[in-house]
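S.K.: Here's the letter readout for the chains.
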Amino acid sequence: MTTVVERASLKHRLAEKGVDRVLWLLVPGAVFVVLLFVYPFLYGLQLSFQPKGGGSPFQNYVTFFSDDYLAETVWITLRLGLPAALFNVLASIPIAFRMRGRFRGKRALTTLLVVPITLGTVLTAEGLLAFFGPTGWFNRIWIALGADEPAKLTHNYWGVLFSLIITGFPFAFLLTLSYLSGIDPTLEQAAATLGASKRQRFRTITMPLLAPGLAVTFCLSFVLAFSVFPSAVMVGNPAGETHVMSIAAYETALRDNDFALGSAIAMLMALVMLVVIGVVLIWRTTLYRGATGGKG
Amino acid sequence: MAGQRFAELHLDRVQRAFGDTVALKGMDLTIKGGEFVALLGPSGCGKSTALNCLAGLLPLTGGRITLDGKRIDDLPPEKRGFGMVFQNYALFPHMSVRRNIGFGLSMRKTPKQELARRVDEAVRLVQLEEHQHKFPAQLSGGQQQRVAIARAIVLEPPLVLMDEPLSNLDAALRLEMRTEIRRLHQSLGLTTVYVTHDQEEALALADRLVVLRLGEVQQVGSPEEVYAHPVNRYVAGFMGYRNMIPVTVTAQDDEHATVRADGVELVGVKREELGAQAVAAVRPEDFTVVAEVGANTLEAVVEIVEYHGREQAVEARLGDGSQLHVRTTSRLAPGDAIRLRVPVERVLVFA
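Heads up: the protein sequence lines correspond to chains U and A, in order.
Okay, so the first sequence: first residue is 33 according to our numbering, each after it adds one.
Okay, so the second sequence: first residue is 35 according to our numbering, each after it adds one.
Possibly wrong hints are sitting among the right ones.
Below, simulated SDA-like cross-link-like pairs (lysine to any residue); rule was C-alpha separation at most 25 Å, straight line [what the hints assert, rightly or not]: (1) K113/A <-> K138/U; (2) K230/U <-> L92/A; (3) K113/A <-> Q232/U; (4) K168/A <-> P240/U; (5) K138/U <-> A51/A; (6) K146/A <-> Q232/U; (7) K138/U <-> G53/A; (8) K230/U <-> M129/A; (9) K230/U <-> R133/A; (10) K230/U <-> E345/A; (11) K113/A <-> T218/U; (12) K230/U <-> L149/A.
It should be emphasised that the hints constitute simulated quantities derived from the structure, not laboratory data.
Model, not experiment: these values are computed from the prediction.
With these hints in hand, go ahead and build the complete structure from the sequences.
M.R.: Right, here's the structure in full:
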């Protein structure tokens, strides 16, 4: 009798602390994270401290920063990732602003805006090559309008930037739309009855409540853009102005067979992303981050 | 602090449709400066639609609104300058109490010193001195409500619109805030349009009641008029005439009607032109439990008794099976056979 009671109460006590059989649902996720993220990451980290040619454990990092061709990749990648993320976030604000609420054709328009996600980078790159290429539609119109020579918009910086915008915008848009939909519309109505014009309402009510969401959107958009690889090869100039960090890591590891230096580049890539995200999130802590549902 | 007075706000056949449904069917109403008008009705009666049309948050689909002869229904809300208190308060969550209250003034580019002075005054008026630097999320429902009211009236608007401002508060606080709103209205003389579904609230606050149903005005009048003399059975039902006894009309003259209910003859006040069938509307508290059979007396059996302190709420059943609601100070028990008398002037007969 006593034992039965005690066993039941242990189970009960565990359940109070959130330990019950539902916890097993976390197992597949935890296994995946350990096997596919934590282990490879730590393996790469220790590999980066074992330079191929021996020497100091930091030799790979010294090599990276003393080789201009490699060191420059940080700047090249930032120059693509930051403007692309910034553009995507800023462009998504007016569109999301218009798209909240209910109206005719909303579903069709949302679908149109989100379709690029499903296309994949390769198809987008192919499309860009055809459209912006020297004999593509864009340049035919450009020449017809009186230009002397076709504009060079592929196989360089611009091609990759366009590709990042096309594939990154839907993510930014969907996130911004959901943040914006979370702001109680009666707040703006209240501001209107208090004499705030449309512009004042946007500046004093909508923007401050949306800004923390935009910070998160920017971080995610930036991470997506910063790890650019296929389009930097296909519509960029992978040996020159779009020699991004992921290409450098790939070439070092798989072409030159220096896995250790490749890992070091990958680690530096992660570090740069963390620094940018950190700066943005620190700025975010200065903003109001509470409820936006209007009841205060 | 006092509102900028106007002489007359006129709603002329104001209509609002949402697709095929007409939420407000040609509303006519004249509001005089300084008045407290309550729009009363159940949800879906068009009262909030009317308020949003007044505020400018909903464009009209017909009719016009004029303020002292000047047409205002084509102005956006920010140009109308009416204060509005929202049902969910709609306080700006990222601004302190003071900045919420001063929002309208800063939109108007009020000089700093004057802004601070007027916000101080408003904060004092709604007794939020200790809480003025807090954020809305740190306030209780009643305090949030006070902020919302202060924010609307600090601009001294010609008209204050209130959309069920007390419906999110608990019962005790609701009574307290009701008195507060009445006090503010009396001391500031702000013209107020107040939307509610609670007839008690409307009766307690308003100088004039507008009872709405399905987008149409049923009755406009003082609380006494609407309470004692509802124009139709719908308004009567809303004003607490819980007993709607189906009756047969046996005789009628200009003022009174004689009707039969459950084999008993009742004489009541005729409120409408009557056919052969009608309803007699009686408030639960207008019945008196009497010992002997007499004029205007129904016989019933007590079914359920609820104790309400000084009074009991009784549900009784007539011989023909229809139910009666009675409030009485007599002590009754289920199963008692009782006789209920009601004065002639407290029986209202509707078609």
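S.K.: Give a verdict on every hint.
M.R.: Hint check results:
1. K113/A <-> K138/U: violated (30 Å)
2. K230/U <-> L92/A: Holds, at about 15 Å.
3. K113/A <-> Q232/U: holds (13 Å)
4. K168/A <-> P240/U: holds (18 Å)
5. K138/U <-> A51/A: holds (22 Å)
6. K146/A <-> Q232/U: Given pair K146/A, Q232/U holds - Cα atoms ~18 Å apart, limit 25 Å.
7. K138/U <-> G53/A: Distance of about 18 Å is within 25 Å: holds.
8. K230/U <-> M129/A: Roughly 19 Å between the alpha carbons, so the hint for K230/U and M129/A holds.
9. K230/U <-> R133/A: holds (19 Å)
10. K230/U <-> E345/A: Measuring from Cα to Cα gives roughly 56 Å; hence the hint is violated.
11. K113/A <-> T218/U: holds (17 Å)
12. K230/U <-> L149/A: Between K230/U and L149/A the Cα gap is close to 22 Å, so the pair holds against 25 Å.
Comparing the model with each earlier hint shows violations of hints 1 and 10; every other hint is respected.
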